[in-house]
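Residue numbers (UniProt numbering): 1 to 340.
Hints are computed from structural coordinates only; laboratory data are not their basis.
Keep in mind that a hint or two might mislead.
[What the hints assert, rightly or not] With beta-carbon atoms standing in for the labels, derived distance ranges:
| id | residue 1 | residue 2 | range |
| --- | --- | --- | --- |
| 1 | A43 | A160 | 55 to 63 Å |
| 2 | D313 | A71 | 34 to 42 Å |
| 3 | N2 | R328 | 22 to 30 Å |
| 4 | G189 | R72 | 23 to 31 Å |
| 5 | G266 | P141 | 34 to 42 Å |
| 6 | P185 | D313 | 37 to 45 Å |
| 7 | R22 | P197 | 49 to 57 Å |
| 8 | P141 | G32 | 19 to 27 Å |
[Said to hold, decoys possible] Computed cross-link-like contacts, DMTMM-like style, restricted to lysine to aspartate or glutamate with a CA-CA straight-line distance of at most 20 Å:
| id | residue 1 | residue 2 |
| --- | --- | --- |
| 9 | K299 | E179 |
| 10 | K299 | D309 |
| 11 | K299 | E183 |
| 12 | K115 | D79 |
Cβ coordinates follow ideal geometry from the N, Cα and C atoms, glycine included.
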Amino acid sequence: MNESPLSSRVVAPSTVDIPEFRGTVWRAARLGDVDAITGMMHAADRVDHPRYLTQRDEVLDSLDSSYIDAARDTIVGIDLTNSYVAFGSVALLPGQETLVRSVLFGAVDPAWRGKGIGRQLLRWQEQRALQQLATSDKPLPGWILAFIDDEAIQTNHLFARAGYRTARYYFELRRRFDEPIPEVPVPEGFSIANPVPARHEELRLARNDAFRDHWGSQPTTEEQWDRFARRSVSRPDLSFVVTAPTGEVAGFLLTEVNREDWPGQGYSSAYIDLVGVTRAWRHRGIAPAMLVEALRAIKAEGLDSAVLDVDSDSLTGALTLYEGVGFRQSGRSRSVHKMF
1 MNESPLSSRV
11 VAPSTVDIPE
21 FRGTVWRAAR
31 LGDVDAITGM
41 MHAADRVDHP
51 RYLTQRDEVL
61 DSLDSSYIDA
71 ARDTIVGIDL
81 TNSYVAFGSV
91 ALLPGQETLV
101 RSVLFGAVDP
111 AWRGKGIGRQ
121 LLRWQEQRAL
131 QQLATSDKPL
141 PGWILAFIDD
151 EAIQTNHLFA
161 RAGYRTARYY
171 FELRRRFDEP
181 IPEVPVPEGF
191 SIANPVPARH
201 EELRLARNDA
211 FRDHWGSQPT
221 TEEQWDRFAR
231 RSVSRPDLSF
241 VVTAPTGEVA
251 GFLLTEVNRE
261 DWPGQGYSSA
271 YIDLVGVTRA
281 WRHRGIAPAM
291 LVEALRAIKA
301 EGLDSAVLDV
311 DSDSLTGALT
321 LYEGVGFRQS
331 GRSRSVHKMF
């Protein structure tokens with residue numbers, strides 16, 4: 001932990017540079033822009049990572065979460081035909097236990113790339129992120145953080161030229177169903193079931209405990225958890241909770257199905273968003289049992305594959321776990337950051 005407050009380690013500009021480009025107008029994003037922004041993001045996604053598309057709910061979260069000041073933390077570029085050229089947001093995330101993070105999110109329409117708009121947008125985002133970090137008097141590290149798929153070549157070059165360093169790699173793993181699913185029983189004394197609303201808060205606390213020692217992870221707040229659970233792609237029927245003999249949550253696996261991803265993937269799939277075992281109940285075989293249960297349920301749904309992402313340097317042995325039940329690498333992404 002740093003002894004000095006973060007605000008003393010960050011030099012923030014008093015104002016931010018609004019992008020300027022002939023034939024475009026720039027302003028803060030509004031809730032009424034959600035669908036147009038999502039459409040523009042999808043155009044970018046099909047170039048940068050066609051295997052998955054930005055969810056409308058993700059765009060909505062970047063505009064109206066309580067920790068977002070849309071008037072200062074978002075920007076959208078619109079051309080003279082009222083088409084959306086670019087979008088950017090900067091979120092100073094809550095849950096600052098060991099780290100203060102300003103996360104960059106957005107894209108430039110592929111038809112408008114190569115003109116310098118991306119550089120201007122990133123400059124605006126970084127300046128706003130510096131302003132956000134400078135508001136914190138906590139003696140914690142501060143990060144400006146972004147996540148980029150390896151296929152997004154232009155975006156990777158943009159961030160590298162701006163001085164961002166790769167912090168972590170993440171493997172996208174796919175589990176096809178043309179191979180048999182292994183038999184892995186739930187440990188004796190434990191039970192497994194689909195999650196129910198009554199355990200919503202228990203699951204949040206279990207998530208925070210399970211991910212406490214994961215790189216870059218911070219506690220998820222009640223608001224963030226509520227938004228996550230309400231996503232239109234959430235599939236509780238393909239998700240699972242393991243209960244310990246004591247009655248507490250020992251493990252959880254949460255699944256989404258986004259049909260919009262399928263055309264770009266070339267197959268139907270479910271995405272396993274979170275897999276976790278609380279620290280008190282690790283090394284008992286809970287995680288592989290949940291995975292096998294989920295794989296069976298996803299296959300029974302008639303889908304071709306299950307997909308998930310894993311930190312390539314996870315200290316929990318997650319990569320070995322997933323490979324052990326048949327997952328194989330299908331893509332890679334990275335987090336890039338500047339540290340203060």
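Cross-check of the supplied hints:
About 23 Å separates the C-beta atoms of A43 and A160, a value inconsistent with the hinted range of 55 to 63 Å. Here the CB-CB span from D313 to A71 is close to 38 Å, well matched to the stated 34 to 42 Å. About 41 Å separates the C-beta atoms of N2 and R328, a value inconsistent with the hinted range of 22 to 30 Å. The hint said 23 to 31 Å for the Cβ distance between G189 and R72, and at roughly 52 Å that hint is violated.
Between G266 and P141 the beta carbon distance is about 41 Å. The supplied range of 34 to 42 Å therefore holds. Against the hinted window of 37 to 45 Å, the Cβ-Cβ separation of P185 and D313 comes to about 30 Å, which falls outside the hint. Here the CB-CB span from R22 to P197 is close to 52 Å, well matched to the stated 49 to 57 Å. Distance hint check: the CB atoms of P141 and G32 are about 37 Å apart, inconsistent with the given range 19 to 27 Å.
About 11 Å separates the Cα atoms of K299 and E179, which keeps this hinted pair within 20 Å; it holds. For a cut-off of 20 Å, the pair hint linking K299 to D309 stands: about 19 Å separates their Cα positions. Only pairs whose Cα atoms come within 20 Å are accepted, and K299 paired with E183 is accepted, the gap being roughly 14 Å. Pair hint K115 plus D79 holds up; C-alpha atoms about 14 Å apart against a cutoff of 20 Å.
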